[in-house]
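> Make the full structure from the sequences, and use the hints.
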Amino acid sequence: NGRSLKFESNDGEFSAQIGGRFQADAAFYGSDIPSGDATDIRRLFLDLSGQFYQDWGYRFQYDFARPGESSSSRGIRDAYLKYNGLEQGSITVGQFKTPFGLEHLTSSLNSTFLERGLNHLFSPDRRLGVGFDTYSENWTASIGAFGGPVESETSSGQDQDEGWNLIGRITTTPIKTDKSLIHLGVAVRQNWAQDSDKSQRYRASPEVEADGNRLIDTGLINQVDEQQAYGLEFASVVGPFSVQAEYTQTQLQRSCSPDLKFDGWYVFTSYFLTGESRPYKKGVFDRIKPLHAVGNGGIGAWELAARYSTADLNDADIYGGELDNATLGLNWYTTDNVRFSANYIRVLDVNRPGSDVDGIDGDILALRAQFDF
Amino acid sequence: NGRSLKFESNDGEFSAQIGGRFQADAAFYGSDIPSGDATDIRRLFLDLSGQFYQDWGYRFQYDFARPGESSSSRGIRDAYLKYNGLEQGSITVGQFKTPFGLEHLTSSLNSTFLERGLNHLFSPDRRLGVGFDTYSENWTASIGAFGGPVESETSSGQDQDEGWNLIGRITTTPIKTDKSLIHLGVAVRQNWAQDSDKSQRYRASPEVEADGNRLIDTGLINQVDEQQAYGLEFASVVGPFSVQAEYTQTQLQRSCSPDLKFDGWYVFTSYFLTGESRPYKKGVFDRIKPLHAVGNGGIGAWELAARYSTADLNDADIYGGELDNATLGLNWYTTDNVRFSANYIRVLDVNRPGSDVDGIDGDILALRAQFDF
Amino acid sequence: NGRSLKFESNDGEFSAQIGGRFQADAAFYGSDIPSGDATDIRRLFLDLSGQFYQDWGYRFQYDFARPGESSSSRGIRDAYLKYNGLEQGSITVGQFKTPFGLEHLTSSLNSTFLERGLNHLFSPDRRLGVGFDTYSENWTASIGAFGGPVESETSSGQDQDEGWNLIGRITTTPIKTDKSLIHLGVAVRQNWAQDSDKSQRYRASPEVEADGNRLIDTGLINQVDEQQAYGLEFASVVGPFSVQAEYTQTQLQRSCSPDLKFDGWYVFTSYFLTGESRPYKKGVFDRIKPLHAVGNGGIGAWELAARYSTADLNDADIYGGELDNATLGLNWYTTDNVRFSANYIRVLDVNRPGSDVDGIDGDILALRAQFDF
Numbered sequence: 013n014g015r016s017l018k019f020e021s022n023d024g025e026f027s028a029q030i031g032g033r034f035q036a037d038a039a040f041y042g043s044d045i046p047s048g049d050a051t052d053i054r055r056l057f058l059d060l061s062g063q064f065y066q067d068w069g070y071r072f073q074y075d076f077a078r079p080g081e082s083s084s085s086r087g088i089r090d091a092y093l094k095y096n097g098l099e100q101g102s103i104t105v106g107q108f109k110t111p112f113g114l115e116h117l118t119s120s121l122n123s124t125f126l127e128r129g130l131n132h133l134f135s136p137d138r139r140l141g142v143g144f145d146t147y148s149e150n151w152t153a154s155i156g157a158f159g160g161p162v163e164s165e166t167s168s169g170q171d172q173d174e175g176w177n178l179i180g181r182i183t184t185t186p187i188k189t190d191k192s193l194i195h196l197g198v199a200v201r202q203n204w205a206q207d208s209d210k211s212q213r214y215r216a217s218p219e220v221e222a223d224g225n226r227l228i229d230t231g232l233i234n235q236v237d238e239q240q241a242y243g244l245e246f247a248s249v250v251g252p253f254s255v256q257a258e259y260t261q262t263q264l265q266r267s268c269s270p271d272l273k274f275d276g277w278y279v280f281t282s283y284f285l286t287g288e289s290r291p292y293k294k295g296v297f298d299r300i301k302p303l304h305a306v307g308n309g310g311i312g313a314w315e316l317a318a319r320y321s322t323a324d325l326n327d328a329d330i331y332g333g334e335l336d337n338a339t340l341g342l343n344w345y346t347t348d349n350v351r352f353s354a355n356y357i358r359v360l361d362v363n364r365p366g367s368d369v370d371g372i373d374g375d376i377l378a379l380r381a382q383f384d385f
Numbered sequence: 013n014g015r016s017l018k019f020e021s022n023d024g025e026f027s028a029q030i031g032g033r034f035q036a037d038a039a040f041y042g043s044d045i046p047s048g049d050a051t052d053i054r055r056l057f058l059d060l061s062g063q064f065y066q067d068w069g070y071r072f073q074y075d076f077a078r079p080g081e082s083s084s085s086r087g088i089r090d091a092y093l094k095y096n097g098l099e100q101g102s103i104t105v106g107q108f109k110t111p112f113g114l115e116h117l118t119s120s121l122n123s124t125f126l127e128r129g130l131n132h133l134f135s136p137d138r139r140l141g142v143g144f145d146t147y148s149e150n151w152t153a154s155i156g157a158f159g160g161p162v163e164s165e166t167s168s169g170q171d172q173d174e175g176w177n178l179i180g181r182i183t184t185t186p187i188k189t190d191k192s193l194i195h196l197g198v199a200v201r202q203n204w205a206q207d208s209d210k211s212q213r214y215r216a217s218p219e220v221e222a223d224g225n226r227l228i229d230t231g232l233i234n235q236v237d238e239q240q241a242y243g244l245e246f247a248s249v250v251g252p253f254s255v256q257a258e259y260t261q262t263q264l265q266r267s268c269s270p271d272l273k274f275d276g277w278y279v280f281t282s283y284f285l286t287g288e289s290r291p292y293k294k295g296v297f298d299r300i301k302p303l304h305a306v307g308n309g310g311i312g313a314w315e316l317a318a319r320y321s322t323a324d325l326n327d328a329d330i331y332g333g334e335l336d337n338a339t340l341g342l343n344w345y346t347t348d349n350v351r352f353s354a355n356y357i358r359v360l361d362v363n364r365p366g367s368d369v370d371g372i373d374g375d376i377l378a379l380r381a382q383f384d385f
Numbered sequence: 013n014g015r016s017l018k019f020e021s022n023d024g025e026f027s028a029q030i031g032g033r034f035q036a037d038a039a040f041y042g043s044d045i046p047s048g049d050a051t052d053i054r055r056l057f058l059d060l061s062g063q064f065y066q067d068w069g070y071r072f073q074y075d076f077a078r079p080g081e082s083s084s085s086r087g088i089r090d091a092y093l094k095y096n097g098l099e100q101g102s103i104t105v106g107q108f109k110t111p112f113g114l115e116h117l118t119s120s121l122n123s124t125f126l127e128r129g130l131n132h133l134f135s136p137d138r139r140l141g142v143g144f145d146t147y148s149e150n151w152t153a154s155i156g157a158f159g160g161p162v163e164s165e166t167s168s169g170q171d172q173d174e175g176w177n178l179i180g181r182i183t184t185t186p187i188k189t190d191k192s193l194i195h196l197g198v199a200v201r202q203n204w205a206q207d208s209d210k211s212q213r214y215r216a217s218p219e220v221e222a223d224g225n226r227l228i229d230t231g232l233i234n235q236v237d238e239q240q241a242y243g244l245e246f247a248s249v250v251g252p253f254s255v256q257a258e259y260t261q262t263q264l265q266r267s268c269s270p271d272l273k274f275d276g277w278y279v280f281t282s283y284f285l286t287g288e289s290r291p292y293k294k295g296v297f298d299r300i301k302p303l304h305a306v307g308n309g310g311i312g313a314w315e316l317a318a319r320y321s322t323a324d325l326n327d328a329d330i331y332g333g334e335l336d337n338a339t340l341g342l343n344w345y346t347t348d349n350v351r352f353s354a355n356y357i358r359v360l361d362v363n364r365p366g367s368d369v370d371g372i373d374g375d376i377l378a379l380r381a382q383f384d385f
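Residue numbers (my numbering), protein chains in the order written: chain R, 13 to 385; chain G, 13 to 385; chain Y, 13 to 385.
Hints in this document: simulated from the structure, not taken from any laboratory. Just so it is clear, the structure is predicted and the values come from calculations on it, not from any experiment. Even for Gly, the Cβ is constructed at its ideal location relative to N, Cα and C. Incorrect hints may appear among the rest.
Said to hold, decoys possible - Here's a subset of chain R near chain Y, in silico, CB distances under 10 Å, partners left out:
#, residue
1, Glu-20
2, Asp-67
3, Trp-68
4, Phe-72
5, Gly-87
6, Val-105
7, Gln-107
8, Gly-175
To be verified - Label pairs and their calculated CB-CB ranges:
#, chain 1, residue 1, chain 2, residue 2, range
9, R, Asp-271, Y, Phe-352, 37 to 45 Å
10, Y, Gly-42, R, Gly-97, 29 to 37 Å
11, G, Lys-273, R, Leu-342, 43 to 51 Å
12, G, Leu-342, R, Ala-354, 51 to 59 Å
13, R, Gly-97, Y, Leu-342, 34 to 42 Å
14, R, Pro-291, G, Gly-307, 51 to 59 Å
Put into structure tokens, the structure is as follows:
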């Protein structure tokens with residue numbers, strides 16, 4: 013971050029750096045949405061990262077706001093050891109983000125909206141495993157083998173043990189100058205279920221997590237032998253303007269029932285009224301730094317954004333629901349580490365036959381105060 | 013604390029300070045009290061606080077001893093961002109102590125007895141919200157708007173979502189010299205319940221938490237539309253001698269049942285055998301510093317204290333119970349951050365018609381070892 | 013560790029040191045073992061320890077990988093205050109390891125195998141209490157009084173409140189030179205149950221914890237008034253070669269049923285192919301330091317080990333089961349703080365009449381990546 017709360021051992025062989033992240037939300041739901049107004053600590057992370065013996069790195073990151081949601085994650089986010097001693101790339105062992113999805117791999121600190129697009133429900137989040145990363149000036153490549161459940165982040169309340177995963181991602185930037193950029197990315201995932209538990213569940217909140225209510229939810233899908241997923245990514249930055257889109261599709265092969273196919277996508281555009289440009293680094297978006305921070309005589313950075321986002325969990329005998337959302341966002345970055353955001357979300361439609369929420373539409377206003385160090 | 017485990021970024025723009033707090037209890041219950049002898053880690057806090065860009069402050073405080081008691085608190089105590097850039101006062105956003113009650117706002121480190129007086133069960137504890145604080149030499153004022161449940165600290169095992177709160181407090185010190193003081197305070201709270209959950213519960217342990225048993229408990233009170241509470245505070249210090257008292261009353265308006273009125277109060281006196289005087293700062297009591305610490309040839313500070321404390325949760329159709337306690341306390345402060353305490357608690361009476369504990373009295377001996385840094 | 017991430021207050025009166033530990037496991041079970049292949053974060057500790065005012069020490073250690081397993085432990089491992097101001101020894105108050113067992117008191121970082129021997133299920137782990145330690149060049153002695161449950165570490169999922177314990181241990185080293193050693197130890201424990209809860213449970217996994225399945229388990233044994241346990245320890249190191257053995261027996265006195273006697277033991281031998289010798293300090297084994305670390309032109313330290321381990325939980329009317337395991341271990345210490353281990357475990361026999369697992373045998377392959385700082 014340029015700034016760092018870092019300390020070292022006397023011999024300089026060990027270093028540690030402390031960081032934290034805090035996001036507090038308030039959400040106000042229109043009367044058609046079956047959720048009560050709520051406040052929520054969305055994230056409260058502490059992390060400790062460092063280097064030792066030149067070639068080794070490590071990182072621990074824990075979310076104090078979600079300690080018990082899943083016995084598989086138990087609030088532990090990153091917990092890995094990294095070996096940087098190879099010329100060709102680096103090897104990571106432990107729990108870390110699986111290489112799948114542009115928004116998924118971009119820090120929640122730098123997400124344009126409060127929550128990621130609805131297709132994010134297909135992202136396999138963090139898993140225990142082994143990974144290999146490499147990059148050059150115009151591309152990145154990552155591959156990993158992971159155990160643990162394959163759940164969307166939003167369904168982590170359940171502890172599902174779903175065997176083994178191979179996940180890989182490649183990105184490229186055919187155009188990349190100081191303030192303009194085209195990013196293309198593709199990711200694939202193959203999952204083999206374990207005999208002892210072949211159930212799977214996908215679900216999502218309406219892009220606000222304060223209440224915890226999910227508008228779409230497949231419930232447990234049984235007898236899922238294998239899954240394949242792929243994701244496509246596009247982003248472009250031209251000065252203060254940017255546009256970004258992702259599409260994700262997943263297929264589930266079931267033993268005694270027809271195969272299933274679910275998908276989701278979003279497209280958004282963002283514009284900085286104050287002239288900043290979204291920074292990018294090694295295949296993901298990076299931290300916004302206001303040109304004129306509050307306190308240095310400036311008014312910080314102001315960003316307007318609009319998104320359309322959808323996910324479809326209806327297929328064959330599964331009526332998880334289809335959700336369409338439109339969102340307007342306003343972000344105020346007072347300094348490079350303090351941000352206040354407002355999202356107005358219009359739930360355009362829920363198509364979920366047989367459910368109470370089928371056919372509803374409505375409004376949500378969500379506010380966030382965020383800072384990190 | 014005068015001492016601080018602090019570190020800074022290279023550019024001096026960020027600072028962080030690590031602190032911790034540890035309280036281990038043992039409690040021995042007389043045979044009439046339906047609780048088994050127990051040991052308990054009462055509090056194990058770590059906190060991280062600091063400043064950045066001059067005007068901003070932050071604080072995280074987590075209680076590792078109570079991580080899962082309430083999904084609303086999740087062990088998170090303080091988690092806030094503070095803006096000190098205004099001339100008139102400071103603005104706080106996040107989770108922090110609501111401004112209600114002298115003992116509530118005084119750190120548990122500096123509580124004269126192991127647990128706060130019984131009226132503390134009405135304190136709305138920490139909530140997510142926005143607050144404004146200001147003070148001058150002879151007065152303090154705080155006001156805040158908060159979401160989240162309105163529960164007493166001792167009932168945090170339940171996750172109740174109770175709408176919105178406005179809470180304010182004013183204190184003044186008509187007399188304040190180096191070693192003598194008169195403190196007066198008043199606080200008010202208005203609570204609006206949320207449609208989706210209008211239940212409320214008040215309960216309390218007999219001023220010892222090691223066992224978790226509550227002698228008085230209203231159970232869930234349904235259809236509570238609004239609540240109003242107020243608290244009155246008095247304290248006076250004259251050299252080694254001090255006296256302190258608080259009264260709290262809360263009223264519950266119910267949709268289809270008569271309104272309810274509960275209250276509680278305590279009065280205590282304390283005397284330092286070794287000549288120290290209770291320090292006071294900005295509307296709350298502060299840390300005791302022994303005049304002659306153990307290790308510097310001294311015997312530390314020794315304090316004797318006696319308290320009478322009562323709470324009445326009986327009204328209309330609710331028989332939560334009335335509890336009267338008398339407590340003798342002995343505190344030994346070996347240094348300014350290590351303290352050993354013994355409390356002898358006499359449960360004088362429990363008036364709780366229809367309950368097993370109705371009419372009981374009995375004795376409790378509770379011990380604590382405490383330190384912080 | 014020679015290296016330390018330490019910081020001090022300005023006046024030098026306070027110090028704090030940050031440490032962490034990470035162990036990630038993967039386990040593959042043969043088809044006869046009723047467990048699914050699994051990955052697991054076995055341990056993720058952070059600890060904070062330090063000194064203040066010369067004579068005082070403290071330590072907090074929290075396991076983020078096991079936060080909610082037991083309301084008695086709540087993930088808190090060490091949480092104690094230590095007074096070193098006495099000439100004769102030191103006094104500890106808080107939660108810390110009870111003085112019982114060589115492997116139990118040796119850090120999991122320095123365990124030769126992934127999990128301790130099966131007799132470890134009788135170890136009373138960490139408890140809240142008060143202890144006194146002293147040592148000289150050729151012996152150590154520890155004694156403590158503890159509250160809290162008396163459970164084996166592997167059964168900590170249950171919150172049993174079992175009164176009070178007196179536990180003591182004495183060790184001696186009749187031979188101790190630079191690279192050779194004979195260690196002898198004996199420990200005893202007396203437990204008095206509390207009237208309100210006299211149940212007790214012993215159980216164990218097959219020396220791999222990734223899946224959480226226990227092959228032997230007494231279930232809850234009721235009406236246990238008192239327990240006595242003793243443990244015998246032997247270890248010898250001769251250069252790169254070492255042998256180690258422990259035997260533990262526990263007796264349970266029940267009110268209305270015959271007394272019970274359970275026991276367990278292990279013996280293992282280890283050999284460093286690369287010439288290192290197991291270091292020893294104050295009654296426990298210490299950290300392995302490779303003679304030629306990876307990164308300094310070396311291949312690290314390589315250790316081969318073999319163990320036989322057994323526990324018998326069958327007695328009178330209790331058929332908890334008897335388990336016999338043989339294990340081959342390979343450890344690669346790349347540096348003094350990074351270790352990769354493989355254990356091949358042969359479950360030789362389960363003798364547990366009336367259970368599904370009675371008579372099974374089978375294979376388990378378990379892998380671990382570990383580092384600490």
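> Honestly, do G/Leu-342 and R/Ala-354 meet the 51 to 59 Å range at C-beta?
holds, 54 Å
> Holds or violated: is the Cβ of R/Trp-68 closer than 10 Å to a Cβ in chain Y?
holds, 7 Å
> Please check whether G/Lys-273 and R/Leu-342 have a Cβ separation lying inside 43 to 51 Å.
At 45 Å between Cβs, range holds.
> Let me know if the C-beta of R/Gly-87 comes in closer than 10 Å to any C-beta of chain Y, holds or violated.
Check passed: Cβ of R/Gly-87 comes within 7 Å of chain Y, closer than 10 Å.
> Using the Cβ atoms, figure out if R/Asp-271 sits within 37 to 45 Å of Y/Phe-352.
About 39 Å separates the Cβ atoms of R/Asp-271 and Y/Phe-352, which means 37 to 45 Å holds.
> Is it true that the C-beta distance of Y/Gly-42 to R/Gly-97 lies inside 29 to 37 Å, as the hint says?
The hinted range 29 to 37 Å holds for Y/Gly-42 and R/Gly-97, with Cβ atoms some 35 Å apart.
> Less than 10 Å between beta-carbons is the criterion; does R/Gly-175 satisfy it with respect to chain Y?
holds, 8 Å
> Would the stated hint for R/Gln-107 survive a check requiring a Cβ distance to chain Y of less than 10 Å?
For R/Gln-107, the interface hint holds, since the closest Cβ of chain Y sits about 6 Å away, which is under 10 Å.
> Is the interface hint satisfied for R/Glu-20? The criterion is a beta-carbon contact with chain Y at less than 10 Å.
Hint on R/Glu-20: holds, closest Cβ of chain Y at ~7 Å, below 10 Å.
> I want to verify a distance hint. Is the separation of the beta carbons of R/Gly-97 and Y/Leu-342 within 34 to 42 Å?
violated, 22 Å
> Do the numbers back the hint for R/Val-105, that is, is its least Cβ distance to chain Y under 10 Å?
holds, 5 Å
> For the restraint on R/Asp-67, tell me whether the closest CB of chain Y is nearer than 10 Å.
holds, 6 Å
The structure does not agree with numbered hint 13 stated previously, though it agrees with all others.
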